[in-house]
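Residue numbers (the UniProt record's numbering), protein chains in the order written: chain B, 1 to 340; chain V, 1 to 289.
Simulated from the structure, these hints should not be mistaken for laboratory data. Glycine is no exception: its CB is placed at the ideal position from the N, C-alpha and C atoms. Where hints are given, some of them may not hold.
Stated by the list, open to error - Below 20 Å or equal to it, Euclidean Cα-Cα: the simulated DMTMM-like pairs (lysine to aspartate or glutamate) are:
id : chain 1 : residue 1 : chain 2 : residue 2
1  : V       : K180      : B       : E52
2  : B       : K212      : B       : E29
3  : B       : K110      : B       : D93
4  : B       : K87       : V       : D181
5  : B       : K87       : V       : E279
6  : B       : K287      : B       : D311
7  : B       : K75       : V       : E176
8  : V       : K281      : V       : E184
9  : B       : K114      : B       : D93
10 : B       : K287      : B       : D265
11 : B       : K87       : B       : E52
12 : B       : K287      : B       : D274
13 : V       : K206      : V       : D181
14 : V       : K206      : B       : E6
15 : V       : K99       : B       : E52
16 : V       : K99       : V       : E184
17 : B       : K212      : B       : E52
18 : V       : K54       : V       : E65
19 : B       : K131      : B       : E185
20 : B       : K87       : V       : E65
21 : B       : K116      : B       : E6
22 : B       : K87       : V       : E287
23 : V       : K105      : V       : E176
24 : B       : K87       : V       : E176
25 : B       : K75       : B       : E29
26 : B       : K131      : B       : E115
27 : B       : K75       : V       : D142
Claimed, not checked - So, partial list: chain V residues that the calculated Cβ filter (under 7 Å) puts toward chain B:
id : residue
28 : E184
29 : V188
30 : A191
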Amino acid sequence: MSIEIENIGKQFGSFTALDDINLSIPSGELVALLGPSGSGKTTLLRIIAGLETPDSGRIIFNGEDTTDRHVRERKVGFVFQHYALFKHMTVFDNVAFGLNVRPRDSRPSKSAIKEKVMELLRLVQLEGMAKRYPSQLSGGQRQRIALARALAVEPQVLLLDEPFGALDAQVRAELRRWLRRLHDEIHVTSVFVTHDQEEALEVADRIVVMNKGRIEQAGTPDQVYEHPANPFVLNFLGNVNLFHGRIPQPAQGERKTVSYVRSHDIDIDRSQQDSSSLSAEIRHIQKLGPSVRVTLTLASGEPIEAELTRDAFQNLGLQQGEQVYVRPRQVRVFVEDYQI
Amino acid sequence: MAAPTTTYTGKNNGNHRITEPAPVRWLLTAIALAFLALFLALPLAAVFSQAFAKGWETYLAALWEPDTLSSVKLTLITAAVAVPLNLVFGVIASWAIAKFTFPGKNLLITLIDLPFSVSPVISGLIYVLIFGRQGWLGPWLDAHDIKIVFAVPGIILATIFVTFPFIARELIPLMEAQGKDEEEAALVLGASGLQTFLRVTLPNIKWGIIYGVILCNARAMGEFGAVSVVSGHIRGSTNTVPLHVEILYNEYNYTAAFAVASLLALLALVTLVVKTVAEWKVQQQLERE
Ligand SMILES: Nc1ncnc2c1ncn2[C@@H]1O[C@H](COP(=O)(O)OP(=O)(O)O)[C@@H](O)[C@H]1O
Ligand SMILES: [Mg+2]
Chain B
1 MSIEIENIGK QFGSFTALDD INLSIPSGEL VALLGPSGSG KTTLLRIIAG LETPDSGRII
61 FNGEDTTDRH VRERKVGFVF QHYALFKHMT VFDNVAFGLN VRPRDSRPSK SAIKEKVMEL
121 LRLVQLEGMA KRYPSQLSGG QRQRIALARA LAVEPQVLLL DEPFGALDAQ VRAELRRWLR
181 RLHDEIHVTS VFVTHDQEEA LEVADRIVVM NKGRIEQAGT PDQVYEHPAN PFVLNFLGNV
241 NLFHGRIPQP AQGERKTVSY VRSHDIDIDR SQQDSSSLSA EIRHIQKLGP SVRVTLTLAS
301 GEPIEAELTR DAFQNLGLQQ GEQVYVRPRQ VRVFVEDYQI
Chain V
1 MAAPTTTYTG KNNGNHRITE PAPVRWLLTA IALAFLALFL ALPLAAVFSQ AFAKGWETYL
61 AALWEPDTLS SVKLTLITAA VAVPLNLVFG VIASWAIAKF TFPGKNLLIT LIDLPFSVSP
121 VISGLIYVLI FGRQGWLGPW LDAHDIKIVF AVPGIILATI FVTFPFIARE LIPLMEAQGK
181 DEEEAALVLG ASGLQTFLRV TLPNIKWGII YGVILCNARA MGEFGAVSVV SGHIRGSTNT
241 VPLHVEILYN EYNYTAAFAV ASLLALLALV TLVVKTVAEW KVQQQLERE
């Protein structure tokens, strides 16, 4: 099912949580809402679900205006940030809940419900857990039960709020790959919220970058990463260095510019290679697993951060306090009317 | 008068370096226990020893006296009306306060606390002022031959007023701590409002309700001040158990007074046990979050 979001606005008192949001989500896609904490991702997700009412604008499911439809009738699956499993019910009853509360005439038989629940538990690889209580499950297991519970009602749309936010790094990486595979299997239109760029880049078909209640850019992971629309997007998707400069402009004379270079787009050399080489001093070296982060200061005093592979770092044999040359491989220039 | 307190968990994280040395801990524990013995256990023991001072038969005879029976009956009726009404009110009010924002919410919270901040005698007097012969509604009630003050309805009204914070006060923090995630999850899954309440909210606050009800009941049965003002002390008709105890005592009928008082003491013990269990269960429920 496709989702159209038209001119959605939401205020909390005098605070604008969402400001004229327009977005269209094609049927069957897995979309990530990516942005810093407080940027309005959860609010937008809740408005799509019907848990929150927008002050203005429309939500359209499959061409049909659903703005005023009650959350109960929207047939969405929602996975809450902290799972929101029913603590006093077993895993089985949690997953069966959506089917058990149906009016008698549309409720499946007991045996049909049982079959459906067991099928879902197989899907999330937790068949043996039916009789347990949520408190007896690990975080990753709870997350998968929350997903199974949401899928039990065969939703047209699956909404997930920071689905891996509360999990440790390894479970997180595992689960997001699993979610991607699951989505490839069941192809339900899905929107998930995250503040982790890596997660969005790895899992989503399309990324919507949000900031301060607005959409900064929407596009495929390649588009937003390779062609960021503005410094915010660039900055949010990876570590960047800033260089301040000026470019002459025919009409306005001269305008201040800011150049951005991602830290892994900086080469370090022992000797000057060409005119783009800048001399710098190594201030600090930090090893981060497979990569190494080197903090330097340019002759102008500006700090700069470079990220090298461990191999490149060892080949160069860099030491703190050494004098070296840095060379930006890819520079993006934005006129300075934009504040990060 | 003490408000029912919310329970706090002092989680023992096993850091022994920050605790006091053993002798200090024993001393503090001993002081606390001595205090409890002096002010709680001793009076309780005194009540029972006085009640049974002249043996079982006198004890039972004192209880079996018609005026006593009628006071027990009135107390039971009062509690049977006041507690369910406050239960309904408490659940609705705390549901509204904990799960929604609406104008006047803070006012409602203040009003719920009002009976705790007003002396029970004043609470009683308010009813006399409203429904009494010289009160605002007095002439009208007189004309229609309705008796509220110095009659059973007045006693019930005063009791409801004095006891209405107990259940709401217990449930508000509990429901606030639980948030509304589970309710929202139920709604998204297609549950109706009633289904959500019965299947999700109620099981989560069950022990909180039991805790509130038991405290509310103890107070409803034991209330003296407010009821004393509106009762009129008509023997065999408008005397509740606590009022009856006072009358017997003032008549120097000590054995009977303590025999009847022992009923209230028993109620207190039962309350204490149920309350402890409920408190423990509520705590468990919160920790499962
Ligand atoms: N119910 C609410 N009442 C008041 N402010 C809210 C409410 N919900 C969200 N906000 C505010 O709106 C902003 C956006 O919140 P949210 O959508 O949760 O952001 P995100 O999920 O991107 O972190 C935050 O500043 C938050 O404080
Ligand atoms: Mg959020």
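Exercise. Do the alpha carbons of K105 (chain V) and E176 (chain V) lie within 20 Å of each other, as the hint requires?
Worked result: holds (14 Å)
Exercise. Is K110 (chain B) close enough to D93 (chain B), meaning Cα to Cα at most 20 Å?
Worked result: At roughly 12 Å apart (the allowed maximum being 20 Å), D93 (chain B) and K110 (chain B) satisfy the hint.
Exercise. Quick one, are K131 (chain B) and E185 (chain B) close enough, alpha carbons at most 20 Å?
Worked result: Violated, at about 27 Å.
Exercise. Are the Cα atoms of K281 (chain V) and E184 (chain V) separated by 20 Å or less?
Worked result: violated (24 Å)
Exercise. Is K99 (chain V) close enough to E184 (chain V), meaning Cα to Cα at most 20 Å?
Worked result: holds (10 Å)
Exercise. Has the given pair, K206 (chain V) with E6 (chain B), been kept, meaning a C-alpha gap of at most 20 Å?
Worked result: Since the Cα atoms of K206 (chain V) and E6 (chain B) sit roughly 43 Å apart, the hinted pair is violated (cutoff 20 Å).
Problem set entry | Given hint D311 (chain B) paired with K287 (chain B) - CA-CA distance at most 20 Å | holds (12 Å)
For this session: Below or equal to 20 Å on CA atoms is what counts here, so check K75 (chain B) against E29 (chain B).
Result: OK: K75 (chain B) and E29 (chain B) at ~17 Å, within 20 Å.
Problem set entry | Hint consistency between K75 (chain B) and D142 (chain V) [alpha-carbon to alpha-carbon, up to 20 Å] | With Cα atoms ~60 Å apart, K75 (chain B) and D142 (chain V) exceed 20 Å; violated.
For this session: For the pair supplied as a hint, K54 (chain V) and E65 (chain V), confirm whether the alpha-carbon distance does not exceed 20 Å.
Result: Satisfied, since the Cα-Cα distance of roughly 16 Å is no more than 20 Å.
Exercise. Once the shortest beta carbon distance from V188 (chain V) to chain B is found, is it less than 7 Å?
Worked result: This interface hint holds because 4 Å falls under the 7 Å limit.
Exercise. For the pair supplied as a hint, K206 (chain V) and D181 (chain V), is the alpha-carbon distance within the 20 Å limit?
Worked result: Distance of about 18 Å is within 20 Å: holds.
When the structure is compared with the earlier hints, violations turn up for hints 2, 7, 8, 11, 12, 14, 19, 20, 21 and 27 and for no others.
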